[in-house]
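K.L.:
Protein chains in written order, with this note's numbering: chain X, 1 to 112; chain U, 1 to 112.
Hints are not guaranteed to be accurate.
What the hints assert, rightly or not - If we take Cβ atoms under 7 Å as the criterion, some of the chain U residues that face chain X in the derived model are:
| id | residue |
| --- | --- |
| 1 | E41 |
| 2 | G42 |
| 3 | F45 |
| 4 | M48 |
| 5 | L88 |
| 6 | R98 |
| 7 | G105 |
Said to hold, decoys possible - Non-contacting residues of chain U with respect to chain X, defined by C-beta distances greater than 10 Å in every case (computed):
| id | residue |
| --- | --- |
| 8 | N18 |
| 9 | T28 |
| 10 | E54 |
| 11 | E55 |
| 12 | D66 |
| 13 | K68 |
| 14 | Q70 |
| 15 | Q71 |
| 16 | P81 |
| 17 | H83 |
| 18 | G85 |
| 19 | A97 |
| 20 | Q99 |
By construction, these hints were calculated from the structure, which means they are not laboratory data.
All C-beta atoms, glycine included, are put in the ideal place defined by N, C-alpha and C.
This is what each chain is made of:
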Amino acid sequence: DTGVSQDPRHKITKRGQNVTFRCDPISEHNRLYWYRQTLGQGPEFLTYFQNEAQLEKSRLLSDRFSAERPKGSFSTLEIQRTEQGDSAMYLCASSFLPDTQYFGPGTRLTVL
Amino acid sequence: SQELEQSPQSLIVQEGKNLTINCTSSKTLYGLYWYKQKYGEGLIFLMMLQKGGEEKSHEKITAKLDEKKQQSSLHITASQPSHAGIYLCGADPSGSARQLTFGSGTQLTVLP
Chain X
1 DTGVSQDPRH KITKRGQNVT FRCDPISEHN RLYWYRQTLG QGPEFLTYFQ
51 NEAQLEKSRL LSDRFSAERP KGSFSTLEIQ RTEQGDSAMY LCASSFLPDT
101 QYFGPGTRLT VL
Chain U
1 SQELEQSPQS LIVQEGKNLT INCTSSKTLY GLYWYKQKYG EGLIFLMMLQ
51 KGGEEKSHEK ITAKLDEKKQ QSSLHITASQ PSHAGIYLCG ADPSGSARQL
101 TFGSGTQLTV LP
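Could you put together the complete structure from these sequences and hints?
P.N.:
As structure tokens, then:
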């Protein structure tokens with residue numbers, strides 16, 4: 001059983017650059033979620049997709065953030081004009097219908 | 001908005017000892033999830049509780065949801081170094097299963 005995968009695992013970028021992360025959910029899962037986690041805190045919800053439709057977005061998701069799930073399979077999260085405050089672990093999770101969310105290994109972003 | 005408070009924030013125990021981690025919600029819990037996280041990695045699903053009074057066990061880990069559905073506890077019996085990590089409780093704030101709200105975690109260290 002292949003779990004949720006995320007790429008890259010680590011990303012170091014300079015302030016002002018754009019970055020894009022990819023998430024591949026468990027194959028039969030139709031729901032996909034993005035979270036952000038900073039050191040010493042629990043994950044914070046960013047956005048949720050059901051199939052290709054983005055149905056919920058947190059107010060944490062500023063206009064510099066955009067997420068897509070074009071064919072209802074993999075998803076991308078893009079951050080434009082990165083800021084040092086964007087440094088965090090970005091976690092993706094998936095589920096089949098309203099059920100347990102299974103998380104990927106995360107992408108750690110460092111903005112210099 | 002729903003808030004989850006975990007206690008203690010950190011715990012150091014000797015191998016073989018029992019321990020309990022608590023998670024208290026500011027609102028009624030629709031679903032309560034326990035995850036484990038190794039530093040710098042993704043979340044591993046442990047258990048999910050929905051009904052008041054429910055109790056689930058997996059190997060040496062037992063989780064309970066109180067009758068009023070506002071508090072959960074995670075109990076580890078005869079702890080081992082492999083139990084070390086960060087334990088996170090997460091809750092579905094609206095019952096829609098569109099996002100989870102997490103506590104800030106309990107860091108568990110098990111000394112051999």
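K.L.:
Confirm or reject each hint.
P.N.:
Now for the hints, and whether the structure bears them out:
1. Taking 7 Å as the C-beta cut-off, the interface hint given for U/E41 holds, the closest approach to chain X being about 6 Å.
2. With its C-beta approaching chain X no nearer than about 4 Å, U/G42 sits inside the 7 Å limit, and its interface hint holds.
3. A cut of 7 Å between beta carbons decides the hint on U/F45: the least distance to chain X is about 6 Å, and the hint holds.
4. Because the beta carbon of U/M48 sits about 6 Å from the nearest beta carbon in chain X, less than 7 Å, this interface hint is met.
5. With a least beta-carbon distance of about 5 Å to chain X, the hint placing U/L88 at the interface is held under the 7 Å criterion.
6. Because the smallest distance between the Cβ of U/R98 and any Cβ of chain X comes to about 5 Å, under 7 Å, the interface hint for this residue holds.
7. The criterion of a C-beta within 7 Å of any C-beta in chain X is met by U/G105, whose closest approach is roughly 6 Å, and the hint holds.
8. Residue placement check: U/N18 keeps its beta carbon more than 10 Å from all beta carbons of chain X (closest about 24 Å).
9. For U/T28, the shortest C-beta to C-beta distance to chain X comes to about 17 Å, beyond the 10 Å cut-off, and the non-interface label holds.
10. Residue-level check passed: U/E54 sits 15 Å from the nearest beta carbon of chain X, beyond 10 Å.
11. No beta-carbon of chain X comes within 10 Å of the beta-carbon of U/E55; the shortest separation is about 18 Å.
12. Listed as a non-interface residue, U/D66 keeps its Cβ farther than 10 Å from every Cβ of chain X; the least gap is roughly 21 Å.
13. The Cβ of U/K68 sits about 22 Å from the closest Cβ of chain X, beyond the 10 Å cut-off, so the non-interface label holds.
14. No Cβ of chain X comes within 10 Å of the Cβ of U/Q70; the nearest lies about 18 Å off, and the non-interface call holds.
15. With a least beta-carbon separation of about 17 Å from chain X, U/Q71 lies farther than 10 Å from that chain, consistent with its non-interface assignment.
16. Look at U/P81: its CB is around 22 Å from the nearest CB on chain X, clear of 10 Å, so calling it non-interface holds up.
17. At the 10 Å boundary, the C-beta of U/H83 stays outside the reach of chain X, the nearest C-beta of that chain being 19 Å off.
18. With a closest Cβ-Cβ approach of about 14 Å to chain X, U/G85 is found to remain outside the 10 Å limit, as its non-interface label requires.
19. Chain X draws U/A97 into its interface by the beta-carbon criterion, the shortest separation being 3 Å against a cut-off of 10 Å.
20. For U/Q99, the shortest C-beta to C-beta distance to chain X comes to about 4 Å, within the 10 Å cut-off, and the non-interface label is violated.
Violated hints, listed in ascending order, are 19, 20; each of the other numbered hints is respected by the structure.
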